[in-house]
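Peer 1: So the sequence lines, in the order shown, correspond to chains A and B.
The numbers in numbering that gives the first Met the number 0 rise by one with no breaks, and the one at position 712 of the first sequence is 711.
The numbers in numbering that gives the first Met the number 0 rise by one with no breaks, and the one at position 64 of the second sequence is 63.
Bear in mind the hints are in silico, worked out from the structure with no lab data behind them.
Here a beta-carbon is modelled for each residue, glycine too, at the ideal position from N, C-alpha and C.
Treat the hints with care, since some could be wrong.
Quick partial rundown of chain B residues pointing at chain A, CB under 7 Å, derived from the structure [stated by the list, open to error]:
#: 1; residue: S19
#: 2; residue: R20
#: 3; residue: V21
#: 4; residue: V22
#: 5; residue: K24
#: 6; residue: T92
#: 7; residue: A104
#: 8; residue: Q108
#: 9; residue: M112
#: 10; residue: K113
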Amino acid sequence: MDDLLSDFLTETNESLAEADLALVKLEQEPQDAPTLSLIFRLVHTIKGTCGFLGLPRLERVAHAAENVLGRVRDGVLPVTPDLVTAILSSLDRIKLIVAGLASNGVEPDGSDADLILNLEAVSEGKTQQAPATSVATQPPAPPPTAPPHTAPPHTAPKPTSQEETPSVPAEAPPEPPPPPPAIEIPPAAEAQAPEQALAGQTIRVGVDVIENLMTLVSELVLTRNQLLQQARSQENSGFTGPLQRLSHITSDLQEGVMKTRMQPIGNAWNKLPRIVRDLARELGKKIELTMLGAETELDRQVLELIKDPLTHMVRNSGDHGLETTAERRAVGKPETGRITLNAFHEGGHIVIEIADDGRGLPIDRIKSKVLSKGLATEADLAAMSDEAIQRFIFRAGFSTAAAVTAVSGRGVGMDVVKTNIERIGGTIELKSRPGEGTVFTIKIPLTLAIVSALIVQAGAERFAIPQISVVELVRAREAGLAAANDDRETVTSVVERINGTPVLRLRDRLLPLVSLDDLLRLREPAHQHTSTAALAAGNTKADGTLTIIVAKVGASHVGLIVDRVFDTEEIVVKPVAPVLRHISMFSGNTILGDGSVIMILDPSGIARASGIAGASDGRHGGPATPTTLTGEAHTDKTAMLLFRVGASDIKAVPLGLVARLENIAQDRVETAAGLPVTQYRGRLMRLVPMSGHLDTTKPHQAVLVFTDSNTGIGGDRRMGLIVEEIVDVVEDTMNIELSGRREGVLGTAIIAGRATDVIDTSFWLTQAQPDWFDKPADVADGGSHRARLLVVEDSDFFRQMIVPVLQAAGYEVIGVSDAARALALRDNGQMFQAVISDIEMPGMDGLGFVRAIRAQGAWSNLPVIALSGRVSERDIDRGREAGFTDYVGKFSQEALLASLRQCLAQGVTQGGAHPPYPEAPSLRMVA
Amino acid sequence: MPDAPPNDATQHTCLVVDDSRVVRKVARRILETNGFNVREAEDGQVALESCRQNMPDSVLLDWNMPVMNGIEFLKALRLEFGPDKPPVMFCTTENDISFIEQAIANGAQEFIMKPFDEELLLGKFAQVGLL
Chain A
0 MDDLLSDFLT ETNESLAEAD LALVKLEQEP QDAPTLSLIF RLVHTIKGTC
50 GFLGLPRLER VAHAAENVLG RVRDGVLPVT PDLVTAILSS LDRIKLIVAG
100 LASNGVEPDG SDADLILNLE AVSEGKTQQA PATSVATQPP APPPTAPPHT
150 APPHTAPKPT SQEETPSVPA EAPPEPPPPP PAIEIPPAAE AQAPEQALAG
200 QTIRVGVDVI ENLMTLVSEL VLTRNQLLQQ ARSQENSGFT GPLQRLSHIT
250 SDLQEGVMKT RMQPIGNAWN KLPRIVRDLA RELGKKIELT MLGAETELDR
300 QVLELIKDPL THMVRNSGDH GLETTAERRA VGKPETGRIT LNAFHEGGHI
350 VIEIADDGRG LPIDRIKSKV LSKGLATEAD LAAMSDEAIQ RFIFRAGFST
400 AAAVTAVSGR GVGMDVVKTN IERIGGTIEL KSRPGEGTVF TIKIPLTLAI
450 VSALIVQAGA ERFAIPQISV VELVRAREAG LAAANDDRET VTSVVERING
500 TPVLRLRDRL LPLVSLDDLL RLREPAHQHT STAALAAGNT KADGTLTIIV
550 AKVGASHVGL IVDRVFDTEE IVVKPVAPVL RHISMFSGNT ILGDGSVIMI
600 LDPSGIARAS GIAGASDGRH GGPATPTTLT GEAHTDKTAM LLFRVGASDI
650 KAVPLGLVAR LENIAQDRVE TAAGLPVTQY RGRLMRLVPM SGHLDTTKPH
700 QAVLVFTDSN TGIGGDRRMG LIVEEIVDVV EDTMNIELSG RREGVLGTAI
750 IAGRATDVID TSFWLTQAQP DWFDKPADVA DGGSHRARLL VVEDSDFFRQ
800 MIVPVLQAAG YEVIGVSDAA RALALRDNGQ MFQAVISDIE MPGMDGLGFV
850 RAIRAQGAWS NLPVIALSGR VSERDIDRGR EAGFTDYVGK FSQEALLASL
900 RQCLAQGVTQ GGAHPPYPEA PSLRMVA
Chain B
0 MPDAPPNDAT QHTCLVVDDS RVVRKVARRI LETNGFNVRE AEDGQVALES
50 CRQNMPDSVL LDWNMPVMNG IEFLKALRLE FGPDKPPVMF CTTENDISFI
100 EQAIANGAQE FIMKPFDEEL LLGKFAQVGL L
């Protein structure tokens, strides 16, 4: 009976999927007799067949559901949301039992008495809640079900689309329900008819058989390509004719096998109507789901991979995108929100759009969230377009729902969606207009097995770059170091160096460049760290040009310098061997026509490996703001800027402390009072050469700019630290050992595997302006006295980093290394205007510390700002619960100062040095 | 299966009409072990087409099927080929007693309740003189 059972499982699963869809449709069109009889038949068939297999549990559940449906069919019961929920929950139960059956071969133990009782009650027309154990969601506020006979079905309250809204808006005026106009028929239901007609001509084949065929065909394609290549070199061989035929047949065969793997995308959408229906009910919204292009086919492997991301996005659209019914009414929109899925072919890709007509992405909320998470600074945001800001939703840990619902906002969000889509060589973009809605556009290859790729050469090796990520090919001239600026007008693309990093200035955008040679070490570079300076030299051709492939990495671009570009080829993608899988720069390998095995490059892996985040989204006239490179603030890693002083001395500084990187032409370096200065943004800026003397022979000086101007406090002081060369930005976990007192050096850290000196910024700041910390440029709290702050931080390194920053901003700062000492200060009667505390500390941690502050004593109303390496939503929530006023990422200098300003300003407006805690602002924690 | 194999003169051919593969398979096993030649159809329309091409000796008929249900098939069959051949065995469940009357009124010879087993099915076939 084993194969009978497996037949039964297949058949029943198909029926269940179909029934789910049909039920959702029935709920919207209670009068739709064909849909009703379809559901009835499906349930009936399930019941009928389980008798043959001796499955009493299934039979009883199906029987009870069939009874209810029978009474609906006979016109005794109206279709109500409750009734549909009851049927859906019985289908869920059937699924559960079937799943148990599939894994164990026997019905799982369990009682369905509650469910059956409920179904019987519904069948008798009693108003009934879904049973507590039902898998289906409980209706939050079930509309009271009217007595069956007095309420005509089509006026029964429905949580989803109230009136019949066809997919074509022009036909929008509501029609009397029967007969139902042809709306979007769920794909599975639609598939029913053709399936019947073709039933005699279809067979079921195991997926493994098809996969195996595909592998064999791939091999055949490769062999064919090899043969063709060899034949080309032999004129007049007798093989030409047969070979051509072989070639054609192989192509046809390949196409044919590909076709067997194709499935309509509707298969991945099957579950969506049910999900949207449950979602609408749970959220009390009205949602209409329209699915267009469900018949669009794509490779089943791809289909499997996008199923989950799509489901997640549709949930997001319903949950975050669409407003509540009341909100929609208030802004004059139809109460029913629309989610539209649209799939179509474009080139070798399938494009899937997920559109909602909801509120659009809220820029302000995204901004405040970005700031609070330390993902970017206010200055960065100010320079960004709205689109660039919206794209932050693709960053890890980002979730905008103010209330985390059960539906979405589980912490895994759009970043996971984006990663999954990019993993299969796809892209995701979004367009959002406030008040009008959001459209996500996903573009993915039709198949993963064979892709179109550009073959390039770097060093002696060839590589394939998937065509989907190639934006354009650029032949650029390397700017002579001296002539660079003057030539810029006449040459379209010129490679320049900004801070030692080669960039391509391409139509107003700065494109970071990576040389494949260097990255993959195809040519043994003389010195690893300075190789960026010599970059491009090896790739430059005799005529002084460079070949650059502009590749797409997420929403940004990166330029890959290669030696040679060959042709575009259809390549068969083979997975990377397990030993190489950890190298993220390769996404696979392939065999070329000549038999050579080459690697397929993964541009996003390359961008990661080279530490380039890709060209920033906005258009920058000047150098890209380095702070946009700041890594994910929620990790324990810190972005460090590496630079060279003298010939080989590599030093580091936390990137967050550096305001800008500049390349200042020598002729702009002047001397004032015997000291080097430059005109910087309309004002003089003091320059301090780190090496001790200024090398005037260099055409440009690489300068790290430190400033307090972006703190907004008003000081606007700047200083430029001249270094030999900017080497890199590295993100690493920091293990810093404080040095013995070496001047200008804070300590030593292992960065990228090397012991590297971390400079003491406060020392260098005082080199520029000895009184930098003594006399605040302005008074921090706007009053006549300086605000006094307490910093509690166990790491000597971080404390020494932060205290000078705060002093520079004009505060009086006391630093202590643990909570006990801080509380001792309180008990001694010391007073501060605000407290800044680390979270992770030995002994009493930050959370315990803030609770102790809030519990009693003179500090109980002080603003207390948490400073942490971890800024996930959960951490922020925990921090807020414990009593922190605000939560700021470590090294997010601007965020900390902005937060302080806000907290203290609030205190001043409250008219006292003791800002009352409950009213203290906590804007950063909203969102 | 529209292209049915030619009837073995000594073998009865039974057309099993049911939308469930599982039910068709169960019936096929029982009937084949007992010397029947079995053909299958998954709805009334397919079954009618099959009858037009090659009339079976008997029909085992489910009633609730897509496209064309059992009663519709029965009506069409009797209209096209006369009132009593081939004999039709009508399958039903305890829920559909009312359909038995309808089926008999429309020309079914016998009815059988699902789930059936070998003994039950063969007994019914014997009653209509096919065994």
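Peer 1: Work down the list of hints and note, for each, if the structure agrees.
Peer 2: Now for the hints, and whether the structure bears them out:
no.: 1; hint: S19; result: holds (5 Å)
no.: 2; hint: R20; result: holds (5 Å)
no.: 3; hint: V21; result: holds (4 Å)
no.: 4; hint: V22; result: holds (6 Å)
no.: 5; hint: K24; result: holds (6 Å)
no.: 6; hint: T92; result: holds (6 Å)
no.: 7; hint: A104; result: violated (19 Å)
no.: 8; hint: Q108; result: violated (21 Å)
no.: 9; hint: M112; result: violated (9 Å)
no.: 10; hint: K113; result: holds (5 Å)
Checked against the numbered hints given earlier, this structure breaks hints 7, 8 and 9; the rest are met.
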